[in-house]
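Colleague: Sequence:
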Amino acid sequence: MKLKILKFLIIFIILTSLIMPVFGEEDMRKDPTCPLTKEEIQKRIDLTPPTNPEVLNQLKKDESILAIYGEIPERKGEDAYDWWISIDNIAYSIAVDGAFEKYHYDNGGTVIGFGPSCDGYIQITIYDELQNEVSSQDITEMKEIVEKYAAKKEIKNIPVVFRSSEMGQTSSSIENEHENAEKNILAAAPNYYSDKIRPIIGGISVYSSYTGPGTIGYVVKQTNNSSKRGFVTSAHLVDFQNISVYQPTVGILNGVGTSSVNATNKKVDAIYISPSTLHPFSVSAKIHTGNNQLVDVRGQLNPISGDFLKRSGLNTTSTSGYFIEYNYNYSLRDEQSGAVTFTLDKVGVMNGTTSQKKDSGGPIYIEGEGKVYIIGITQGHYGNLTIFVPCSEITSKLGVEALKMEDN
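Mind the numbering: the sequence shown is residues 1 to 408 in our numbering, read in order.
Simulated from the structure, these hints should not be mistaken for laboratory data. Treat the hints loosely; a few may be bogus.
To be verified - Distance ranges between label pairs, derived from CB positions:
(1) 136 with 166: 20 to 26 Å
(2) 136 with 407: 23 to 29 Å
(3) 148 with 239: 36 to 42 Å
(4) 30 with 278: 38 to 44 Å
(5) 40 with 62: 32 to 38 Å
(6) 152 with 384: 22 to 28 Å
To be verified - Here are the simulated DMTMM-like pairs of lysine to aspartate or glutamate, each with C-alpha atoms no more than 20 Å apart in a straight line:
(7) 102 with 129
(8) 30 with 40
(9) 221 with 46
(10) 266 with 79
(11) 60 with 26
(12) 76 with 106
(13) 60 with 82
(14) 76 with 119
(15) 60 with 106
(16) 156 with 79
(17) 102 with 147
(18) 76 with 26
(19) 30 with 79
(20) 152 with 26
(21) 266 with 345
(22) 43 with 71
(23) 38 with 369
(24) 43 with 367
(25) 61 with 106
(26) 153 with 79
(27) 102 with 74
(28) 153 with 71
(29) 267 with 195
(30) 60 with 40
(31) 38 with 367
(32) 310 with 239
(33) 153 with 74
(34) 266 with 239
These numbers come from a predicted model, not from an experiment. In this text, a Cβ means the ideal position worked out from N, Cα and C, and glycines have one as well.
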């Protein structure tokens with residue numbers, strides 16, 4: 001009898017897995033840390049923009065496009081959301097398995113990133129300075145890899161676009177003369193972008209003894225100990241090392257510690273800074289959104305297709321744009337030296353005003369009803385696009401998550 005029950009359960013699980021979609025961590029319906037109610041989640045999903053099959057024909061007019069394959073299915077509402085989750089999971093699986101490693105720039109190849117576009121296709125980005133070196137055989141092989149992973153999800157004719165692009169770069173600023181740093185910051189903007197602010201909040205100035213000024217992303221708590229708190233900003237501000245950090249600028253009474261947790265393997269451009277006996281500070285679950293406006297933080301979210309995002313930074317202050325894509329295994333160069341400095345596991349991209357020097361580390365967020373949900377932190381830019389590190393990457397790599405207003 002027990003054997004029959006066991007066989008039945010096995011068959012049931014197999015059949016269920018065939019008819020039910022399997023989602024990854026980006027699906028907010030399956031994310032236990034998502035701060036939204038079930039009703040809010042469904043409303044957010046229902047507002048997902050419909051896919052447009054004509055996008056691929058429109059891309060044929062773009063000179064940066066090298067090759068186009070497959071078709072974008074026509075989807076609306078929750079079906080469009082499911083399609084977004086599916087293509088992101090395909091790209092994620094390719095990244096985890098290292099299926100594109102031999103084609104990647106780090107290994108002598110031409111690929112500097114790949115991932116789902118919010119227009120509904122998998123995009124593979126070829127470094128524009130090497131686009132003449134990518135062979136038709138390489139393109140065919142990479143397309144077939146994507147098709148193989150799509151087949152595991154029973155997706156046929158998966159849309160794949162090969163595009164050439166410049167390499168993204170960091171938005172740091174080297175300030176060699178510390179005595180001039182305070183004047184430089186005070187000239188940038190008044191009050192919350194320049195003054196000493198306690199408790200610490202997101203969207204205010206931070207100063208590294210290595211690179212100079214940047215922007216604090218958001219206040220966090222450790223996932224395994226909610227009483228342990230601090231803030232996150234860009235790791236490239238401290239060159240991924242134990243560098244002294246100040247707010248708002250260098251000063252004996254302005255120290256907020258040294259970078260205590262960072263990704264020394266340079267897979268995520270974020271650091272966690274927490275109070276110490278020598279440099280104590282308090283925190284509050286708020287961010288400065290520009291114009292001296294403070295808004296409560298309700299939690300962190302993963303961006304989805306069609307999201308209208310905002311960001312706050314020391315240089316460009318308050319700007320906005322739409323989330324347009326994810327990129328996995330994304331290579332970046334240093335803005336100062338031009339050298340390729342690291343390859344991040346995953347980044348997001350938003351359009352609108354590009355980030356500039358001193359914006360690094362600043363919060364990317366969704367705003368509504370007097371509250372914000374943190375999406376990530378500013379990392380760098382290319383063209384008129386801003387690159388950001390998603391909160392999910394920061395939580396995964398550093399073990400911290402956004403402090404909520406009810407945690408204050």
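Colleague: Hint by hint, note whether the structure agrees.
Modeller: Against the structure, the hints:
For the pair residue 136 and residue 166, the supplied restraint of 20 to 26 Å holds, since their beta-carbon distance comes to about 23 Å. For the hinted restraint 23 to 29 Å between residue 136 and residue 407, the CB-CB distance of approximately 54 Å leaves it violated. At about 39 Å, the beta-carbon gap between residue 148 and residue 239 stays in the expected band of 36 to 42 Å. Checking the proposed 38 to 44 Å range against residue 30 and residue 278 shows it holds: the Cβ atoms sit about 42 Å from each other.
One distance hint, 32 to 38 Å for the beta-carbon pair residue 40 and residue 62, holds here, with the actual separation near 36 Å. Between residue 152 and residue 384 the CB atoms are about 36 Å apart, so this pair departs from the stated range of 22 to 28 Å. Proximity of residue 102 to residue 129 is assessed by CA-CA distance (about 18 Å); at most 20 Å being required, the pair is judged to hold. Straight-line distance between C-alpha atoms of residue 30 and residue 40 comes to about 14 Å, which keeps the hinted pair within the 20 Å bound.
Distance restraint check for residue 221 and residue 46: the Cα-Cα separation of roughly 31 Å exceeds the 20 Å cut-off, and the hinted pair is therefore not satisfied. For the suggested pair residue 266 and residue 79, the alpha carbons sit about 36 Å apart, so the restraint of at most 20 Å is broken. A C-alpha spacing of about 30 Å is found between residue 60 and residue 26, which places the hinted pair above 20 Å, so the restraint is violated. Using a Cα cut-off of 20 Å, the hinted pair residue 76 and residue 106 is violated, with the two alpha carbons roughly 38 Å apart.
Distance restraint check for residue 60 and residue 82: the Cα-Cα separation of roughly 26 Å exceeds the 20 Å cut-off, and the hinted pair is therefore not satisfied. Proximity of residue 76 to residue 119 is assessed by CA-CA distance (about 13 Å); at most 20 Å being required, the pair is judged to hold. Using a Cα cut-off of 20 Å, the hinted pair residue 60 and residue 106 is violated, with the two alpha carbons roughly 29 Å apart. A threshold of 20 Å between alpha carbons decides the hint, and for residue 156 with residue 79 the separation of about 16 Å falls inside it, so the pair holds.
Between the alpha carbons of residue 102 and residue 147 the distance comes to roughly 18 Å, so the proposed pair stays at or under 20 Å and holds. Distance check on the hinted pair: residue 76 and residue 26 sit about 19 Å apart at the alpha-carbon level, within 20 Å; holds. A threshold of 20 Å between alpha carbons decides the hint, and for residue 30 with residue 79 the separation of about 16 Å falls inside it, so the pair holds. Between the alpha carbons of residue 152 and residue 26 the distance comes to roughly 18 Å, so the proposed pair stays at or under 20 Å and holds.
The hinted pair formed by residue 266 and residue 345 meets the criterion: a straight-line CA distance of about 9 Å does not exceed 20 Å. This hinted pair does not check out: residue 43 and residue 71 have alpha carbons roughly 28 Å apart, beyond 20 Å. For the suggested pair residue 38 and residue 369, the alpha carbons sit about 18 Å apart, so the restraint of at most 20 Å is met. Between residue 43 and residue 367 the CA atoms are separated by roughly 15 Å; this keeps the pair inside 20 Å, and the hint holds.
Annotation: proposed proximity of residue 61 to residue 106 is violated, straight-line Cα distance about 30 Å (limit 20 Å). The suggested pairing of residue 153 with residue 79 holds, with an alpha-carbon distance near 15 Å, which does not exceed 20 Å. Pair hint residue 102 plus residue 74 does not hold up; C-alpha atoms about 34 Å apart against a cutoff of 20 Å. For the hint pairing residue 153 with residue 71, the CA-to-CA distance comes to about 16 Å; that is within 20 Å, so the pair holds.
For the hint pairing residue 267 with residue 195, the CA-to-CA distance comes to about 32 Å; that exceeds 20 Å, so the pair is violated. A distance of roughly 38 Å separates the Cα atoms of residue 60 and residue 40; the hinted pair therefore is violated under the 20 Å criterion. About 19 Å separates the Cα atoms of residue 38 and residue 367, which keeps this hinted pair within 20 Å; it holds. Between residue 310 and residue 239, the direct Cα distance comes to roughly 26 Å. Violation of the 20 Å bound is thereby established for this hinted pair.
A hinted pair counts as satisfied when its Cα atoms are at most 20 Å apart, and residue 153 with residue 74 qualifies at roughly 18 Å. Restraint check: the Cα-Cα separation between residue 266 and residue 239 comes to about 10 Å, which is no more than 20 Å; the hinted pair holds.
Hints 2, 6, 9, 10, 11, 12, 13, 15, 22, 25, 27, 29, 30 and 32, counting from the list given before, are not met by this structure.
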